[in-house]
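J.: What follows is each chain in one-letter form.
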Amino acid sequence: MEIDFTTKGELITIPYIKNGKLIKLIGKNGVGKSMAAIFLELSCGNHHFKNEEQYKEIKTRLKECNIKLNSNTDKIEVTITPGTWIYNKDEFKLEENSIGFFKLNNKRIDINQLRDLLSIKVIRGNENLETQIELITDIFMEIIDKYLIKNADYIEKLKVYQKAFSKSVNLNLIYKYREKQEGFAELAKIKIENQTKYDEVLEKLEIAKKKIELSEKIIMWNENDPITIKKEIEGVEFDIQNYETKYDENVAELQKTEEKLKDIEKTKKKQIQEYIEKKNKLVKSKNSLIKRIRQNFPEEAKEIMNAKSLNLIEEIENKKKEHLEIIQKYYDEEFGSKAKFIITLIDKIKIIQGILDECIADGLEDQIIIDDFYNDVLLKVSVKQLKILIDNTILSLESKPEHISLKEKLEELNKDVKRKSTLLNFMSDWKKIIKKDIDLNKAKTNITDNTLDQFIEPEKIKQYFDEQDSLINDNSQIKMKLNDFILRLEKLNERYHLTENLKPKEEIFNSLNKYYKTLPVNFEEERDKLLEIKTKLEKSRDGIEYNLGNLKSRIKMLEGEITDIKSEIIKIAKKFDYSKLNNWENFVLNHSKKVQILINNLLIPFSDYIFIAKNAFYDIKERKSIRKNKYIELISEIYNQFFLDTYNKPSFFNYVFKDYESIKDFDIINNKINFIKKDKTIDSRSLSDFSSGEKAYAFIRAMISLINKNAKYKILFIDEANALLDYIRAGDLENLQLEMIKNGELDKIINIFPIHEKPDQLSEEFRIEFNKYGYYQEIIKV
Amino acid sequence: MEKLIKELMQKVVEKEKKTNLFKIYQNLDSLNFESNEEIKTFIENYIDIDDDK
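Chains as they are written, first to last, in this note's numbering: chain A, 1 to 782; chain B, 1 to 53.
Since the hints were made in silico from the structure, they are not lab data.
Just so you know, even glycine gets a beta-carbon here, dropped at the ideal spot from N, CA and C.
Worth double-checking, as some hints may not be accurate.
Below, simulated DSSO-like cross-link-like pairs (lysine-lysine); rule was C-alpha separation at most 30 Å, straight line [to be verified]:
1. A:Lys-400 with A:Lys-387
2. B:Lys-17 with A:Lys-21
3. A:Lys-21 with A:Lys-758
4. B:Lys-18 with A:Lys-150
5. B:Lys-15 with A:Lys-672
6. A:Lys-418 with A:Lys-308
7. A:Lys-246 with A:Lys-491
8. B:Lys-11 with A:Lys-146
9. A:Lys-672 with A:Lys-89
10. B:Lys-15 with A:Lys-517
11. B:Lys-40 with A:Lys-146
12. B:Lys-18 with A:Lys-593
13. B:Lys-23 with A:Lys-150
14. A:Lys-593 with A:Lys-180
15. A:Lys-630 with B:Lys-18
16. A:Lys-712 with A:Lys-103
17. A:Lys-628 with B:Lys-6
18. A:Lys-420 with A:Lys-284
19. B:Lys-3 with A:Lys-157
20. A:Lys-350 with A:Lys-286
21. A:Lys-628 with A:Lys-24
22. A:Lys-664 with B:Lys-40
23. A:Lys-146 with B:Lys-17
24. A:Lys-614 with B:Lys-18
25. A:Lys-180 with A:Lys-107
26. A:Lys-614 with B:Lys-11
27. A:Lys-621 with A:Lys-664
28. A:Lys-462 with A:Lys-260
29. B:Lys-18 with A:Lys-146
30. B:Lys-23 with A:Lys-672
31. B:Lys-11 with A:Lys-630
32. A:Lys-556 with A:Lys-566
Covered stretches of chain B, going by a simulated chain A footprint (3 or more residues, C-beta under 8 Å) [as the list claims (entries may be wrong)]:
33. 6-19
34. 34-48
Input sequences plus hints: build the corresponding full structure.
T.: Written out as structure tokens, the structure reads:
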């Protein structure tokens, strides 16, 4: 296999490595021998950077490196693209998917495919037995990674498969079918439960109804015993009679009282009438008096009219009386007895004159009324004559001057007295009118205030009214009571006949004994309790009836749905050569479950386990505490196994640890090798105890044997790694390489050396090559 | 090295008492799951419904 390098950027590589299985590549420093080895190792993701600085330096200085590996059958092309690199700080490596791109015979392949093709290992001079632990740890981790990736790939593929399988068999339809069937079974179960419950409820309801019926009959018997009812009827009839009598009496009494009250009302009306009459009369008298007063005494009228109270009237009256008395006194003083005599005489004679006029009017004018002697003179005088004599005498008396003067004065005085007297009379009349008016007003007030009782025995009238109210009230009470009694009587009469159609009480008790161990004491309470139970049972029955109806329709609907789904599933099953639904259903569900089991119970846990194991390798590499890892015993065992397999081989052991008889075991936890000495004793050596040459030799030999034997092309670079070896060990190593090439363990080994000779000391072929490229390649014949 | 890791994985699954996983593990290398038929056959041959634990 020939390898060609095309490198862009500041970093350079040798342009090519010749076709040959075992090659010595010798050159001057800086021509890119080691860099070519690094890039090839890096292309397979195997290169570990010393640190991040080294990574950054290469990423910055390298633009691109294209490596072509051509065998007789395969053309492998690797292009490293630093622009895409992602650095894994924990593992000092590149993320595998960021390295670049790869082709096999001009077709793109991924990193895993590349690894199947190529295994590149570089053994460097600065590496030894101790670093070997890190390297084999890396290899272990790589192998585990491979399993992790493969496992993840399985899981991914299974998920895709599961999805495709579910779709092709319509798994959801089967789930739906199952679900519907379960639903159907559940509904059927519920229906049976409901039906059982329904039957129980109906039975209980019937018993409750029967018990209620019998209890009610007993209650009816107890409540409507004809003998007791008969007595009650009699009692009620007696009460009705009493109340009717009482009612009649009360009605009579009420009539009486009402008549009394009617009389009182009549009296009241009469009083009103009387008042009106009196009032009218009084008003008339008052107006007439006022008119007269105004006519005769216009000056005093106003004062009198204003006097509306008796006191005021009396006051005015007294004043007028006093005034009259003064006038009379003056009369007495002014006109003595003499003057009064003549006037009196004239008045008396006028009386005689009047009598005589009456006699004349009666036809007695000629009758002699005086026929006797007076002073011896016979006097014979008729009525007429006497009348003439009297008239003359009056004329004579009246014609006297003193009499005329006196008479005039007297007349004038009399006129005044008369006026005053008239006025007093008017006053008296006014006073009477005002008094009457006041009295009438009082009467009116009493009448209008309906306080008639103030006029006629108020207490009695009140009593009448109270009696009337009481009687009316009593009557309505009695009437109500009577109605109650009548109704009661009607009911009693009804009840009296109720038991006529009932069975005898004893027979009912016999029926009840079927339902009760001990008969209830109180059948009313029992009946009420039973009615409550009955209501509850009826509610329960209605509820269950509703549920049953609902369940029936749901079951029917579900049956239809199940039939439809079933025919659909059978159609699908037939496509897969399944004729029986059960077999198909079992296969699909089981298979689907198995996929789930494989993913969730097996592969995912498997990834978890090996990931834990990988962590242990990581800790070993980093020299962290590894004792806590749960697989440490198992892991320690494989390190031991590796050591025993690698170093206990006689062909190896005799060259590396020839002072010992064999290796007992390798203790990775303490980083020690336990040797069995030739005297059978055990010698325990830490890896750091070995000399540099020993470690380097052991390491190189071991590394050569550690190349991934599964890859198609296994290429090893030994980069100045044998610098520390003595000539014996160097010779051994060369023989080992030949042996491995011969038996096919490796396909190509490139030993890189610095040039020690002067170029002119080289053969012509090598000198030309060296002068052209800065290195030359010697192919060792195998 | 590969063989050692396989042994390790075998012991790990034994330790975890995943017996069926061991069977799968034994067949893991030869499997590619390239076709649905291959997956189906594998599942039917190697997976027990009782492994649901």
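J.: Tell me the hint numbers this structure goes against, listed in increasing order.
T.: Violated hints (numbers, rising): 2, 10, 20, 21, 22, 25, 30; every other hint is consistent with the structure.
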